[in-house]
Amino acid sequence: MIKDITIGQYIPGDTTVHNLDPRIKIIITFVFITLLFFVGNYFSYLYIVAFMGLAIGLSKISLKFIVKGLKPLIVIILLTVVLNAFMTQGEVIYRLWGLSITREGLYQAGFMGLRLIFLITGASLLTLTTSPIALTDGIEKLLSPLKRIGVPAHELAMMMTIALRFIPTLLEETDKIMKAQMARGADFETGNLINRAKAMVPLLVPLFISAFRRADELALAMEARCYRGGEKRTRMKQLKLEFRDYSAMMIVAAFCFLVIWSR
Amino acid sequence: MPVKVENLTHIYMKDSVFEHVAIDNISFEIQDGEFIGLIGHTGSGKSTLIQHLNGLLKPSSGKVFIDGEELGSKEIQMKKVRQKVGLVFQYPEYQLFEETVYKDVAYGPRNLGLSEDEVDARVRKAIGLVGLDFDSISNVSPFELSGGQKRRVAIAGVLAMEPKVLILDEPAAGLDPKGRDEILRGFKTLHEQQKITVVLVSHSMEDIANLVDKVLVMNKGKIAYFDTPRNVFKEAETLEKIGLGVPQVTYLVRELRKKGYPIADCINIDEAKNELLRLFKR
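Heads up: the protein sequence lines correspond to chains D and E, in order. All you need for this note's numbering is the position in the first sequence, starting with 1, plus 534. All you need for this note's numbering is the position in the second sequence, starting with 1, plus 14.
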């Protein structure tokens with residue numbers, strides 16, 4: 535039922551992109567997103583396309599999957615495109631019910647649409663190629679300089695790991711409880727808004743109870759194994775920058791230069 | 015209320031890398047008033063199969079008929095099907111949600127749109143059927159009960175729908191020996207008195223041998239056997255190969271026979287007792 539969501543999903547693999555240091559991947563994603571706002575004309579998008587093509591090609595993730603990830607956001611993209619097309623002042627090329635599409639508007643609409651699409655693909659490529667554990671590891675390391683000013687980096691990362699870990703579990707649980715209540719004649723699909731909200735109670739109460747129960751059990755299991763926060767914890771896998779990480783940084787720097795230069 | 019399954023196949027996550035065939039082209043028929051045992055190794059497709067019987071899952075291909083009507087056809091109302099075919103999931107106590115036991119058991123009948131009098135009568139009956147005392151328990155919060163009592167209340171919630179076919183997915187899992195005996199005996203009595211069809215999923219070969227008329231053995235999404243327990247438990251070697259077994263007492267009798275004692279196959283303690291007495295009286 536709810537299993538079609540691909541955002542945040544991780545596809546295991548053994549490619550250069552998968553094996554990049556998560557810190558570098560996070561930084562590259564942020565640089566890439568920032569770079570998107572520096573793109574000055576359609577020509578510059580060629581560099582962005584080349585970069586995305588390179589990254590996706592190296593990661594061996596099928597384009598079909600990336601397109602699937604865009605689907606839930608299609609409404610937002612379309613809305614942006616339509617609003618831009620109608621709302622920009624300039625030379626009118628077509629009229630529709632008193633609204634007018636301008637040449638500048640079309641230019642702007644395509645521009646914004648592409649920016650959004652690349653924004654989403656760039657961000658989803660990060661989660662598609664990085665396991666949640668590696669991702670939180672990377673975030674923790676990147677945040678660790680902030681520990682000095684009192685940011686609980688380890689705790690934040692641990693909370694994120696646990697939250698990510700429990701998404702599939704809770705989805706499964708939801709599915710199970712839904713079916714159990716449907717077997718007792720519950721109806722989640724028809725009726726007006728108020729009736730539907732009421733129908734959710736038999737689903738939400740058991741779901742909350744089970745989430746609290748799981749949290750309790752997890753806390754107990756962690757304490758039983760002597761977990762007590764980030765102080766002096768060592769890791770099995772130390773993050774270390776390697777040749778491919780430096781090369782990736784160089785490539786990104788080159789693309790940044792090209793995009794800004796071609797403005 | 016015959017249940018008929020025709021060429022049923024179910025594939026999870028079709029057309030993706032995670033594609034998994036859970037049920038592979040199976041057909042069988044359950045007659046009115048039969049007590050069927052469903053056994054199979056973890057992941058053999060039992061849970062997927064039972065969810066097809068009341069339309070919670072839709073077949074990837076094939077058909078399921080309840081009372082001659084095909085599930086999923088346009089004329090049929092799913093609510094009616096789910097009233098006819100009651101399904102008790104594993105660990106059903108996790109689906110409790112109301113403030114009182116009474117309200118929780120009444121949830122199903124109320125969804126059926128019955129009158130308050132009828133709902134009240136059904137709740138009283140269902141709570142009685144699972145061996146709980148109506149007066150002392152009906153106004154208690156289900157969350158204050160012990161594990162075994164919660165399980166009974168949850169089962170009562172399904173029984174209150176008064177299904178003609180009752181499907182139970184390991185109803186005794188995680189209960190103490192006394193609790194499991196009581197609950198299973200309850201189902202047997204219910205089956206005998208109300209003449210309802212029961213499908214019991216279980217990992218206990220003893221329970222299967224003691225309770226059911228016929229056993230459906232699943233292996234990797236296919237039916238390995240569908241026969242009486244006596245015939246199925248003759249195939250000890252094959253059953254072990256697919257991750258199952260036979261009742262302990264059957265193993266004992268087989269060992270005795272290997273040692274040269276002329277003893278017939280037994281599937282429960284009473285039979286074994288009689289056979290042993292016969293053997294040693296001579």
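Keep in mind that the hints were calculated from the coordinates and are not lab data. Please note that a few of the clues may not be correct.
To be verified - Computed footprint of chain E on chain D; a stretch qualifies when at least three of its residues, placed anywhere within it, have a C-beta under 8 Å from a C-beta of chain E:
| id | segment |
| --- | --- |
| 1 | 559–570 |
| 2 | 719–729 |
As the list claims (entries may be wrong) - Stretches of chain E that chain D covers, calculated by requiring three or more beta carbons in the stretch to come under 8 Å of a beta carbon on chain D:
| id | segment |
| --- | --- |
| 3 | 59–72 |
| 4 | 169–179 |
The beta carbon of each residue, even a glycine, is placed where N, CA and C say it ideally should be.
Taking the hints in turn, this is what the structure says about them:
1. For the segment 559–570 of chain D, the proposed coverage by chain E is not satisfied: 0 residues have a C-beta within less than 8 Å of a C-beta in that chain, short of the threshold of three.
2. Coverage of the segment 719–729 of chain D by chain E holds in this model, with 3 residues showing a Cβ closer than 8 Å to a Cβ of that chain against a need of three.
3. With 3 residues having a Cβ less than 8 Å from any Cβ of chain D, the segment 59–72 of chain E passes the three-residue criterion, so the hint holds.
4. Beta-carbon proximity to chain D at under 8 Å applies to 3 residues in the segment 169–179 of chain E; the threshold of 3 is reached and the given coverage holds.
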